[in-house]
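Build out the structure end to end from the sequences listed, making use of the hints.
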Amino acid sequence: MPSMTPTARTEFPLAGTLAAAASAFAIGLRRNFANWPVLMGRALFYLVAMTVLSSLWDKVSSARLAGTLASSLPAGGLTLYIGVTEWIALGVAAIHLRLEDDIRFGMLEPHLLRPKSYLVQKIAECLGDTLGRMIGIGAAALIALGLSGRALPPPQAFLFAVILGIFAAAIGVLLYTVVGLCAFWVRRVLPPYLLMQKAMFLLGGIFAPISLYPAWLYRFAMATPFAPSLFVAGDQMIAPSAASFAQALLLQAAWIAILSGLIALVWRAGLRKVLREGV
Amino acid sequence: MDALTAYAANVAAAIRASLMDRTNFALNAAGMVVNDLFFLTLWYMFFAGFKRIGGWGLHDVALLLGILMCIVALSGIAFGGYRDMAASILRGEIDALLTQPKSVLARLLARESIATAWGDLVIGIWMLCTFAALSWRDIPLVTIGILCGTAVYVASSVIYASLAFWFAGARSFARELTDFMLLFSSYPGSIYTGMTRIVAYTLLPAGFVVLAPVSFLRSPSVATLAVMLASALGYTALAAVLFHLGLARYRRGLVPTG
Chain E
24 MPSMTPTART EFPLAGTLAA AASAFAIGLR RNFANWPVLM GRALFYLVAM TVLSSLWDKV
84 SSARLAGTLA SSLPAGGLTL YIGVTEWIAL GVAAIHLRLE DDIRFGMLEP HLLRPKSYLV
144 QKIAECLGDT LGRMIGIGAA ALIALGLSGR ALPPPQAFLF AVILGIFAAA IGVLLYTVVG
204 LCAFWVRRVL PPYLLMQKAM FLLGGIFAPI SLYPAWLYRF AMATPFAPSL FVAGDQMIAP
264 SAASFAQALL LQAAWIAILS GLIALVWRAG LRKVLREGV
Chain Z
-17 MDALTAYAAN VAAAIRASLM DRTNFALNAA GMVVNDLFFL TLWYMFFAGF KRIGGWGLHD
43 VALLLGILMC IVALSGIAFG GYRDMAASIL RGEIDALLTQ PKSVLARLLA RESIATAWGD
103 LVIGIWMLCT FAALSWRDIP LVTIGILCGT AVYVASSVIY ASLAFWFAGA RSFARELTDF
163 MLLFSSYPGS IYTGMTRIVA YTLLPAGFVV LAPVSFLRSP SVATLAVMLA SALGYTALAA
223 VLFHLGLARY RRGLVPTG
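Residue numbers (our numbering), protein chains in the order written: chain E, 24 to 302; chain Z, -17 to 240.
Derived from the structure by calculation, the hints contain no laboratory data. Keep in mind it's a predicted model, so treat the numbers as computed, not measured. Think of the CB as a built atom: it goes at the ideal place given N, C-alpha and C, for glycine as much as any other residue. Honestly, I wouldn't trust all of these hints.
Partial list, computed: chain Z residues near chain E (C-beta under 8 Å) [what the hints assert, rightly or not]:
| id | residue |
| --- | --- |
| 1 | Asn10 |
| 2 | Met14 |
| 3 | Asn17 |
| 4 | Gly31 |
| 5 | Arg34 |
| 6 | Ile35 |
| 7 | Thr98 |
| 8 | Phe149 |
| 9 | Ala150 |
| 10 | Gly151 |
| 11 | Ile173 |
| 12 | Thr175 |
| 13 | Met177 |
| 14 | Thr178 |
| 15 | Val181 |
What follows is the structure in structure tokens.
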């Protein structure tokens, strides 16, 4: 950051932290594009996954079995909804694996001596990585959608879905950060990761909108961070509206604040444990 | 024979290591049980809402999931190194194994036994015993199906991990491919038609991991047995060839670091 002098950084430590985080974010973003064969592989994989999931829902929609929820499905099916939820789910970078590695193999300690917060740097880097993935996968999704000939929702639905999708992915990164920090207490973070992933699938509505759930389960899911991390963005493809967009954005902002606070607490507790007992 | 004995000794040591921290072991296994129950709930809710999909009902999916969980369990317990293999390659952990007399691939696979796999094993056996309507006479067929499915699953994971010999970012990509193979394997076979059927029997071989064993159990015949055995041998051979091609690159110092 050429405009930020060393003096300014000393006087305003927050500005220095933010500048370092912005650099980490840019590194994460650029690294993704540098590894373009992997990014292309992810995009291709998204398309393959979408082909399978859309054929699942097309099969359900076409059967329209009497007395089932098939009659409540939107006319165009759920392909666009799932397209958005999968775009978010595949876009979220695996921060939990990086944290697990650093904590398990004792690579965390050298970072603690450095002036910038290890965790902020890691999260910023993963957010950049996530954005890079979302750009690559999103481009592939739009091209495939254009070629598919499916009926499209109004243009503002895409705008709402993209904005909510980016914040949804940020919530996903924060949720997986909590999972990664579990490495302070458990040797492998696979069990908490699987629990978080399945809770996200179930309560976030990755395969089907949670609005199809019974009312009590819908209300419960909306009270967790999982619905804002998937459903609210995908829902704009089914029922786009400025009011629901604004409401969802507020909900996401609230969960980002809550999860950031939780991460800070877990990080401090984990750090205390490492400094006291080692790994 | 000597190689098999060495492999068994390595796996036994890995299992003992996973059991060393009892609390951690219990937490991992119990975590997986809860995860599997979550997954079953997801499918239960789906079938509660939509009843059938292409002729598959809840009990058919329960048989599929029971076999799949046993396959994942066996892979995690006896070949647990497959899960982090791409990371091991990128971290240069192969260096220490190159000087040893036994196969590098076997050592990598046997270096870890995953505690969570025991949770899968419990739920998988429970599902096969309760939902799948199998009799005692089916035990040999189930065993063959699970062994062949395990061979395809582990071999495919090795193929994905071998990408690390070529791409620095392959660590999480290899894991994602393995996870998606698992995800594809947990869908009713009736949804795969046309292009998706080709993918399910090639790139993400869910068809050979679990659909072929399910079909073999539903209608045992020489043809279905031959398909299972051929796929197990084919994918294992492909994994061995790709891994050793990558290892040759590694020996020449051409592998990126992650």
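Practice item. Have a go at the Met14(Z) hint: is there a Cβ in chain E nearer than 8 Å to its own Cβ? Key: Holds. Min distance 6 Å.
Practice item. For the hint on Thr178(Z), just tell me whether its beta-carbon gets within less than 8 Å of chain E. Key: Holds, because the Cβ-Cβ distance from Thr178(Z) to chain E comes to roughly 5 Å (cut-off 8 Å).
Practice item. For the hint on Phe149(Z), just tell me whether its beta-carbon gets within less than 8 Å of chain E. Key: Given a least distance of 6 Å, the restraint on Phe149(Z) holds.
Exercise for review: With chain E as the partner, please determine if Asn17(Z) meets the hint condition of a C-beta pair closer than 8 Å.
Suggested key: Holds, about 4 Å.
Exercise for review: Tell me if Arg34(Z) is really an interface residue toward chain E, meaning its C-beta lies closer than 8 Å to one of theirs.
Suggested key: It holds, given that the least Cβ distance between Arg34(Z) and chain E is near 7 Å, below 8 Å.
**Study point:** Status of the Ile173(Z) interface restraint (C-beta, 8 Å, chain E)
**Key:** 5 Å, holds
Review point. Regarding the hint that Ile35(Z) lies at the interface with chain E, is the smallest CB-CB distance below 8 Å?
Key: Because about 6 Å separates Ile35(Z) from the closest Cβ in chain E, which is inside the 8 Å limit, the hint holds.
Point to revise | Minimum beta-carbon distance criterion (8 Å), Gly31(Z) to chain E | key: 4 Å, holds
Exercise for review: Double-check Met177(Z) for me: the hint is only fine if its C-beta lies closer than 8 Å to a C-beta in chain E.
Suggested key: 6 Å, holds
Point to revise | When the least beta-carbon distance from Asn10(Z) to chain E is tested against 8 Å, hint result | key: 5 Å, holds
Check your understanding: Does Thr175(Z) pass the interface hint, meaning its C-beta sits closer than 8 Å to a C-beta of chain E?
Key -> 7 Å, holds
Point to revise | Interface restraint verdict for Thr98(Z) against chain E (beta-carbon cut-off 8 Å) | key: Since chain E brings a Cβ to about 6 Å from Thr98(Z), closer than 8 Å, the hint holds.
In the structure shown, no violation is registered for any of the earlier numbered hints.
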